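Throw the hints in and build the complete structure from the sequences for me.
Number of protein chains: 2
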Amino acid sequence: MSWIDDPAFAEDKPFGPQTLPYGVVETANGPTVAVRVGDHALPLRPIADEFTAELAELVTARSLDPLLAAGRPAWSSLRARLVELVRSPAAPEGAVLVPLSETRALLPFTVGDYVDFYSSRHHAENVGRIFRPDQAPLLPNWTHLPVGYHGRSGTIVVSGTDVERPYGQRKTDDGPVFGPSVRLDIEAEIGFVCGGPVARRVSTSAAADHVFGVVTVNDWSARDIQAWEYVPLGPHLGKSFATSVGAWITPLEAFAAARVPVPDPGHPRLDYLVEDVHWGLDIHLEVFWNGTLVSKPDFAGMSYSFAQQLAHMTVNGATVRPGDFFASGTVSGPDKHQRGSFLELSWGGKESVELDGGEQRTFLADGDTVVITATAPGPDGSVIGLAEVAGTIRAAGD
Amino acid sequence: MSWIDDPAFAEDKPFGPQTLPYGVVETANGPTVAVRVGDHALPLRPIADEFTAELAELVTARSLDPLLAAGRPAWSSLRARLVELVRSPAAPEGAVLVPLSETRALLPFTVGDYVDFYSSRHHAENVGRIFRPDQAPLLPNWTHLPVGYHGRSGTIVVSGTDVERPYGQRKTDDGPVFGPSVRLDIEAEIGFVCGGPVARRVSTSAAADHVFGVVTVNDWSARDIQAWEYVPLGPHLGKSFATSVGAWITPLEAFAAARVPVPDPGHPRLDYLVEDVHWGLDIHLEVFWNGTLVSKPDFAGMSYSFAQQLAHMTVNGATVRPGDFFASGTVSGPDKHQRGSFLELSWGGKESVELDGGEQRTFLADGDTVVITATAPGPDGSVIGLAEVAGTIRAAGD
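Residue numbers (our numbering), protein chains in the order written: chain R, 1 to 398; chain V, 1 to 398.
Hints are supplied without guarantee of correctness; some may be wrong.
[What the hints assert, rightly or not] Which stretches of chain R does chain V cover? Using the computed rule of at least three CB atoms under 8 Å from a CB of chain V, they are:
no., stretch
1, 147-159
2, 220-232
3, 264-272
4, 307-316
[Claimed, not checked] Under 10 Å between C-beta atoms, here's a sample of chain R residues computed to sit facing chain V:
no., residue
5, Pro46
6, Tyr167
7, Gly175
8, Thr392
9, Ala396
[Claimed, not checked] Footprint (simulated), chain R over chain V, 3 or more residues, beta carbon under 8 Å:
no., stretch
10, 220-232
11, 317-329
Just so you know, these hints were derived from the structure itself, not from any lab.
These figures come from a predicted structure and were not determined experimentally.
Note that CB positions come from ideal geometry on N, CA and C, so glycine has one too.
Quick look at the structure:
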């Protein structure tokens, strides 16, 4: 029986001892590395004496940056020690459990480069049909490489941060006009936080050594701005105003029981994209719009794994550094209730989505709150949690 | 008569006392902030006593990061004091001049987000004609907004760094193949290093307070990789392997006499893109391919100024931070000898470029060296220099 007295800290719950995600919480002594146990944060600085000197240095830092840089052996040692500590009947001396409701979680790491992929075939086909109705929904390169682009790392914000409606240009019959976006959307995604030594040409086999952990992502998107700006160099202002990430990073190690093959592309893969271990992940997402569950996308259907994405991203010789971050792209399934964006759920704004209470919506209204949660199967029938990513839309500012 | 005895330190030379660009050089005591005077570096740490306490703290740092964050008033004070010191007949106590040839210059700042624009109409039209011959060369959005995209900040390297030929997928009639790029190219650009307080919705009038200085840029581009990957989300691996920047950042203040209007777009501009001061810059670039001058692009013809680019980049609410960096896009003029990429000079590889000695080239061969230099008019008939950006192609690695 663990010393942690929290009914949410159980193996059949997302944040039991099988999960142990890392975050950074504000305390009276400043930002502190913590692990989430059930509905509590366990700050690690007060129990630093429980760790080896090497690990103590990592857990007493003010962000996860040193831990990300430390690499896989340190990640495994720390996780093993934490499992012992949270499963122990006796509390470590000095341990303090803080209810999450009394905790302010911070963005837990310094984001280097941010790449957003586009690896759901259903999403890519839906968007193709909506944006380019006169063309084949899937472009010829899509089944051969994980299409992706760089996003703005400086506007990645932690779950709970309000998002101000962006301004921008949108096209009208009388030419472009400027104003607050009128088609503000979400993208439900899964993100991967990089760590370990700086590397280039990371193989699919080595990819797991360069990924510290996994988070939920909401890649807010202004569809009107995006549709006008995106040719020929891709999305820019339609995406760059904000990307929200979950406050707690679930270690990749927690997903051992969630590994699945990625779907076959229907033709041979180029060698560098072949996986010798499966790194598709059986993650189930849920998207709540003002409290109404509007979509349940399954990540297992994604056409490229994070290992393939990382191999692709670095195969040209580009380096990956600790703190670099990449996201899967919108997760959409074949069915309507599995679509991971409101663009798709409303089919370009043509079909409204009914919220509890009967309200009809297409895109986001000021004051709307979106929450995305996710879980995956854990070992021995347990469940692995990915912390929610939540955000509320504020009116466009002055 | 200045104490600096260097014939290149003269007002009719690019690196006289009217220019004074900042860099960071390796010394026995580690990386040191320096200014360039003629063909010498003047490290500032040894003469820190010559500055106020506030400025001394900035010039004794190991990178330009604190100076970038300090903002316009500090930039102006420091420059004014440096002008006094370098024009003085007596050397400051402890001053050491190091010949540039004996100096190793480092990337002088930590790059935050990197945005690459596409603001030369001639370049955009040329690329449109080459890549999309069946369509109008200029897409409809181009004259209404400065099209741009995020690049990879982690692979920005300082002038003099070798560039390894990237690997990637390219299209063939039998489907995509993987290998070293066979159409490796340059893009001659001008880049802008951001500083001052974190800001959003920076107006064109305020933009100069958020730009510390100006550098030459070579945005290396693998055209075969790019052509296959870039739809619909823009360039990724075709660009992300390396972007080279000049080692010395010329302060924006040095360009007061180089300001020119940007060309009229032929229709009214949206308000946020209107300039009340001209921030087009009369910069002249030269591109040398293995020593042969192959192009002389003029920056004055660019359709968007850095002030318009920064206003656009932040108008949606995105923040700009010290260390963020943005580049103009390839600078090409109306004439063939003004094209800023080999894609254009060789018209998609169809026309070869003759180098001194008679060698015929289209794209880059291993061992090739490209040097881009630039100058602008300075006050009273002087000339302002932008330090060269140089890079040599290494064969694709193992």
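Provide an ascending list of the numbers of those earlier hints which the structure does not satisfy. 5, 8
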